[in-house]
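As you go down the protein sequences, you meet chains A and B in turn.
Here the numbering used here is used: the first residue of the first sequence is 1, the next is one more, and so on.
Here the numbering used here is used: the first residue of the second sequence is 1001, the next is one more, and so on.
Treat the hints with care, since some could be wrong.
As the list claims (entries may be wrong) - Not the full set, but computed from the structure, chain A residues with beta-carbon under 7 Å of chain B:
#1 ILE384
#2 VAL415
#3 ALA419
#4 ILE472
Note that these hints are calculated values from the structure, not bench results.
Given the structure is predicted, the values throughout are model-derived calculations rather than measurements.
Glycine is no exception: its CB is placed at the ideal position from the N, C-alpha and C atoms.
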Amino acid sequence: MSGDLLTIAPLITVGLTAVAVLLSDGLTPNRRYAPIAVALAGLGLTSWILLQQSGGTVTALSGAYIGGPFVAYLGLLGSAVVAITLLISPDHLAARRYPSAEFAATLLFALCGAILVGASGDLVTLFIGLELMVIPGYILAGYAKRDPLSTEGAVKYFLLGSFSSAILLFGIVLLWGSTSTASLTEIATALTAAGAGLQPAVAMALALITTGVAFKIAAVPFHYWTPDAYQGSPTPITGYLSVGPKIGAFVLMIKIFLIALLPLAASWIPVVAILATATMTLGNLVALTQSNVKRMLAYSSIAHTGYLMVGIVAAGEGEASGIAGVLFYSVAYALMNLGAFAFLTAVQGRPGATVQLSDLAGLGRKHPMLALLAALFLLSLTGIPPTAGFFAKAYVILSAVQAGGIASVLAIVAVLNAAIAAFYYLRVVIYLFMRDPAEVEVQVATAPLLRAGLVVAAAGTLLLGLLPGGLIEAVVKAIAS
Amino acid sequence: MSDLTQLIGGLPILSMITLLPFVGALLIALLPSSRPSLIRVAALAVSFITFVLSLLMLPGIREFSSEFAFSEQISWIPSFGITYHLGVDGLSGALVVLTTLLSWICILASFGPIQNRVKEYFISFLILETGMLGVFLSLDLFLFYIFWEIVLVPMYLIIGIWGGADRIYATIKFVLYTLVGSLLMLVAILATAFSHQAATGSWTGAFDLIALRGTITDPTLQALAFGAFALAFAIKVPMFPFHTWLPDAHVQAPTAGSVILAGVLLKLGGYGFLRFAIPLFPQAAQDFAPLIIALSVIAIIYGAIVAIVQTDLKKLIAYSSVSHMGFVTLGIFSFNQQGVDGAILQMLNHGLITSGLFLLVGIGYERTHDREIAKMGGWASRTPVYAALFGFFLFASVGLPGLSGFAGEFLVLLGAFLVNPMVAGAATLVMILAAVYLLWMYQRIFTGPLSPFLKGLGSHLTDVTPIEIATLAPLAAMIVAFGILPSLLTNAFATSVAQFLMYASGGLIQ
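Given the sequences, and given the hints that come with them, work out the whole structure.
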């Protein structure tokens, strides 16, 4: 029993940190940064524990929780996402009179869920982890409670989110019923034993699960909640929502599709491949037409969902490097997308500001460093070397080429989409550097924590671009288990 | 080995050449923007030292017994066998020197015209130089691709920030064209590497040009990968019908941007065919050759005809580039000694001559702020030296024997004749067309009575300054030298051509 507690220590640490954050706010009510400091310290401790556990796989709680390098990798990524979000948010929130302690605690609870998803060994922990991860997301989306857009976005997010959770749960139950087990690996064994041919109940389960998961990762045509939820939320929260829950949902996808449903790969690969094509293409085409920068990034994040799905298809074709590609891409995407949203946070210095493309005109002259960092994130999102985004795309495409078949067609679709994406990402760079300054200048926030967040994201983006070797080895180690 | 080679052989000379401009860019970033003249001199110094280093490297190339001299190889991403692998032979050596030469000339030529955001400009230019040098020196496909993409960003900024009125349209067109080609090439690179891994069971050497040459036997992979590589390079050359980005980019780019675009960037395409696409996928290259030869001939004729009717001076030279670069692909895909020799000569000569023409157009534009041919006339009466220099580069471009332009085109035609006399005949006729559009342009601009427009400029219409002469003189000297003794160059890259022809004929595949 005590061994079990040791194995799930990361989960406990994050949970206790969330409680400590709330307590610290009660004890020192007027110190804006105190809860942030407590949260960061807790994340540091969690990361240390995760590193200790990255040696080998350990199961706890009768196989419901599987600790090891895979969880360590995802937990460290999640901790980094939460930490960067915590750096870029507090001043933005404080300027709009929204509390930061509750914010930090909510994020930490979501991290608990994400770790649980990564560690889950059966469908029950998986679903509980998922809900624990996404419910804080609904709260955060509506965090600007006096802003009708935020409330609208949150309600849409909540309704469609709960709806899709219900669909997913229905699918899970059918799967459980027809294979008589909740354990992910035992489901795979049972499905293999059942042999070729899809039983009606399993087919139904597959359809429902695919739909539910497609909602969660915001794949086209189940993406409609994303633009509104993303645009309405306070900008740093949008950054988190476009990264944290999305990567978490992809881990869920890896767990269900690449462990439990792998024997049915031939049945779901065509569907996921079509969804991936639609997601990349539509996300990019709609992003082309946006003049609101935040909404543009929302649609572009849909396109990135599509690129990640290419890795899933490759993995479904039996190419383990597909999972590696998804895991590498997740880190690169987290860094560059959080960076882009941190930039957007910085230019929304004034409460109530929405940033149109034209507002960014000539920013490169007034704020060269900020514009330069923005250009770095945008080039990385485009996939131009030497940035993290380039290696991420190359890794996923490599896995798709290796897998062959449908996946190699997706590789070509993905690179053509990258060229479309270049148009709208580089358009922002054009406004930053090539246009004359706008008449009404945007106010730029220069809080030290925000700057630190920008620098961390930029350093990571560049470092992974120049020396990706270390992370590639970590990824390979994480999936070896 | 000579003492010099031994001395240099102990240094990572290729890394030094490649990375020096980048280091210079970092240093310039630290200089205050309020001191533009200091920034200009620093940029010139960095690019000139790079030029000197590349000259020091040159004599050593032939003293190495291996195909590539001064090789450097460091493991970079061990999981996939990707290495930082540089090496130089006669072909890349010549192109490296062309790049370092044109870089400092361009930087010197930008002293006057670029008065706005000087620091950012020179930083972009030096990063561009690093990218171009990296492309020529990389022997690892992945590294090559990264440098290939790095070239894109500073050029995008140079056209987009310091360009003319329609610069944003031109720069985005340039980027999108290039990116579509290069991204498909990335897929082809990864597929090629994976086929190596699947065949040998190990990632070692999967991205290494030397290890890969002659090992790719799967005909489908050959055809598809060659198609992707060829598309990327064809867009860069540019071959008909992928050339439409070039006139826009040239017209909108600042003078130095046009010079480096014509002088070096277009050569990346020709180099890519010679170094990567054909040696890696020889069978497919042979299969595609008739198509590419046909497109080359179309480019040669079409570029010349369209050049005749241009009213903008820069656009005229841009279309003449399409025509001249058609000779390069025609020569390469003749797959014989004469054709390939001629193609490489044509690449280098076009780099020298067209760069000179763009510099001269820029010099004229500085004084008139116009490039409309119809507005000019009688210019020679006011600025005789300018007119004489223009005439010199013009005749070199026409292909006057004794100047360097002649040898390249002649050898290409000879090579083409051996393959298909009809093709050679058609291309030869175009040399007459080139004389038509260039000489007619010269006549309209420089001869006759002084036009009202030029008269209206009064004392602004000055002759060339010493700095401007300093940018043109090295080019002119080399045009004369290589015109009289083209063997200086053909000897330098003789080994490279022999190697190329061996791989192009599928030499190692049994």
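Checking hints one by one. Is VAL415 of chain A an interface residue toward chain B, by the C-beta closer than 7 Å rule?
holds, 4 Å
Does the interface hint hold: is ILE384 of chain A within less than 7 Å of chain B, judged Cβ to Cβ?
holds, 5 Å
Hint validation: ILE472 of chain A versus chain B, beta carbon distance must be below 7 Å. Holds or violated?
holds, 5 Å
Regarding the hint that ALA419 of chain A lies at the interface with chain B, is the smallest CB-CB distance below 7 Å?
holds, 5 Å
Taken one by one, the earlier hints all hold for this structure without exception.
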